[in-house]
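Number of protein chains: 2
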Amino acid sequence: MLASLETDFVRTSRPLYSHLVTLLESAIARGDLPSGARVPPERTLAGRLKISRTTVVSAYRELESRGLLRGYVGRGTFVCAPPEPEGTPFAWRGKIAAAALRTSDSTLRDVVRHASDPRMLSLAAGEPAIDFFPNDAFQEAVAHVLRNDPASAWRHGPTEGQPEFRHAISDRYGVPRERVLILGGAQQGLDLLARCLIDPGDAVIVDRPGYLGAIQSFRAAGAKLIGWDVAAGDVDELEDLLVRYRPKLVYTNPTFQNPTGITMPIRIRRELLTLAQRYRVPIVEDATYHDLYFNEPAPPTLRELDGHNLVIHLNSFSKVLAPGLRLGWIAAAPSIVEQIAIMKQRLDPHTQNLVQFAMARLIRQGAFDAHLKRIRAEHARRSGLMLAALQRHVPAGALRFARPQGGLYVWCRLEPGMSATALLERALAAGVAFVAGPAFYPDPAGDSQLRLCFTSVLPSALDAGVRKLAGAIEHMRSSPALTA
Amino acid sequence: MLASLETDFVRTSRPLYSHLVTLLESAIARGDLPSGARVPPERTLAGRLKISRTTVVSAYRELESRGLLRGYVGRGTFVCAPPEPEGTPFAWRGKIAAAALRTSDSTLRDVVRHASDPRMLSLAAGEPAIDFFPNDAFQEAVAHVLRNDPASAWRHGPTEGQPEFRHAISDRYGVPRERVLILGGAQQGLDLLARCLIDPGDAVIVDRPGYLGAIQSFRAAGAKLIGWDVAAGDVDELEDLLVRYRPKLVYTNPTFQNPTGITMPIRIRRELLTLAQRYRVPIVEDATYHDLYFNEPAPPTLRELDGHNLVIHLNSFSKVLAPGLRLGWIAAAPSIVEQIAIMKQRLDPHTQNLVQFAMARLIRQGAFDAHLKRIRAEHARRSGLMLAALQRHVPAGALRFARPQGGLYVWCRLEPGMSATALLERALAAGVAFVAGPAFYPDPAGDSQLRLCFTSVLPSALDAGVRKLAGAIEHMRSSPALTA
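Protein chains in written order, with this note's numbering: chain D, 1 to 484; chain S, 1001 to 1484.
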């Protein structure tokens, strides 16, 4: 074997040790050096090939790190195993980052997949009445932009967003212009905030139950999640958590909350802000549903009540117009806007211009507010239809829920002993999707709860969807094994 | 002071220690406990308030962690400093994550900002001839989608992308359907790949010089960047790097490379793939410019030459159509597509549907390929115009460059002693932007180089842009202090 290496080892311009690695590797591959064979001692090989011992050591170490050789102190170095034959599938699994493997929850993806599956009645995705989308006004706005200034639509735009759109939001929502940053959806904002504000191990207080996308983003950033029972709204409990965990931030969705539908009263909002100021903790306010009241407007946002510049306000056009727009915004202190913009450039140098210009026009022309007015009435109507269907089809006592005053969801509790996760499996088989409670909890809990969206299917399909759900519940009830 | 604490300390339903923290904090704020004052020993206070010593210890520790108290072994605990008065600006700087502070390079954002600044002639941003964008065909496609199936445009879509669009790409580029994943731009793909594949400390081999967005994404994920001199294309050097650093992946932009414009010959492509297979290292191929040849089509992509399923192919419509579309795609092994989709849902549950449907239609109808044909000719023309302008206006010897055969860039070397960073400052003041060389290097280097984009301004403005640049160079030459 030494002889054949000597023959093969011709001087090249390549680094000697990588040349030697290749030769040894080929010898192993050909079987000239079978598994278990002892390779020559380093000094011997170096002498025969007239190269330095260091070169041989490097080559052996390289082959060791690749699992082809293994050294035993006092015994020598041995061939470990034959290399994989050509054509072996590339071992991708071993290439995935540890952090990526940590978070493999695919709930959000499943929700959006079901929403776009025509064979599925989806009460899962949080979608407004998209059949009310102002298509004509939108198309007119697109045509206007492409007629007047196509270059601005197609070239790069500012990372913070188009000034025209930032100003329209500033005027519509009463936020100073320099505090507005445009996003490709609120989820992008949560991801950016998590990356800007969270170091691994930081504590974050989140609504419990609360928005699953926020839970995922903060968890992926390595945060330790502390749930605050937002329905109870106990401010003393919150203070206790602030003192005990010293969180990096508080995330809350205080209006027509996802998933519970509840709204934080103005008194609690004020106390929350006082605590945040006292403990120097920023609040991330998810205001996605704030404009979606049925009759009574919601209390002012935390942003509006904030006297200390500590609220980061997150908003979106996904729930008031359409998720397909991929458009959201943040209002925050200019230093945070700057930080987020620097982070954003790395993953999305700018948000699509065309949709920004079009939305700016819909806001300026009043089409956006006219649309809001229409969907408030329609959402209230669909909420009533869903509650009536639930009362009509679901066996008495199987499901408890409160009547929502806005937002998109009915939050339900199953009768004791019934699992929402098991029910979901049954429901999907029957062609109806919802979101099971555990997705909304930062800890293992919530399997007796489920979220239904009353706006995501047409009124004509609402009744059928609820009937399928009721059928799945009846089936569970009649199979005691399933409810164990 | 003890007396007043005793008076104020009434039993509440709140946790005792957080109640005590508040009381002590107020006493400090009011000045009852001035800076430097010694607070009662824990045992004493516990006795007087009739609470456990543990509660007092917890309260003191809490105030210590907030910087209000400081304990000295054997001496007792003292008030540190008065709290900030009400209305003090919220100290946002202290809230930023360490990882976010690590990466504050804003080059990408500056580039896109200059591109959208009407007062600036930008030779910086990499933009194709957007004045050739097929506006009518695009608007027709949008109208078609909104007329036929507005719900599919506005509701959620699959995280992997709309099947219709994935299939159009699959057919156009010859990739199996299940290997295609749609992105909101190639930069999103780089961010996702960095997060999916890189653990902090992993080595990554990148083109040197190479795409700044890739350098930023990999660096932000904590990678150790190893530059491979892509222009020299020395495969032995690459093998040496593979052996020495055991990188997690190789990132390369092999065709009409950004920033150099060079194209890797097919022989080197094959050797690169052989090495990647031998060392089990995935290759991320950035193929953004592959279709942008002037006369001669480029060699096959690494994806097409890959016999071992180890290439992740990254592509985009930003350079062949318009960056404003925010649309890109990845072709990879199905297990990688799955991993990326799970990561993507967290930051962008799905890419905008409308633009996917519209682009699918432009591809199917042939409008996309017709457009490619038109811009190839136009880009070749603009490249010639820029070279002519450079020869006309720039003082002889001040700038060296090669004639590009495709892509969007002329890569220039300044005469010795001249700094591209200093020149950029001068050029921006004169109203013309470019990208200085250091942005493309993973290590501190490149200040004698700069990248000019010949497609991002109209031909009528190209000459003026180059003239301003030449003026800035002349100014630098005549101010010896600046070239020191």
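Among these hints, one or two may not hold up.
[Stated by the list, open to error] Computed far set for chain D versus chain S, every beta-carbon distance over 12 Å:
| id | residue |
| --- | --- |
| 1 | F90 |
| 2 | V175 |
| 3 | G233 |
| 4 | R270 |
| 5 | N295 |
| 6 | R346 |
| 7 | A398 |
| 8 | M418 |
[Stated by the list, open to error] Coverage of chain D stretches by chain S, computed from C-beta distances (three or more under 8 Å per stretch; other residues unrestricted):
| id | region |
| --- | --- |
| 9 | 123–135 |
| 10 | 141–151 |
| 11 | 193–200 |
| 12 | 242–248 |
[Stated by the list, open to error] Listed below are several chain D residues computed to face chain S (Cβ distance under 8 Å; list not exhaustive):
| id | residue |
| --- | --- |
| 13 | S18 |
| 14 | A115 |
| 15 | H308 |
| 16 | Q405 |
No wet-lab data here; the hints were simulated from the structure. Even for Gly, the Cβ is constructed at its ideal location relative to N, Cα and C.
Need the list of violated hint numbers for this structure, in ascending order.
As far as the earlier hints go, 1, 6, 16 are violated by this structure, in ascending order.
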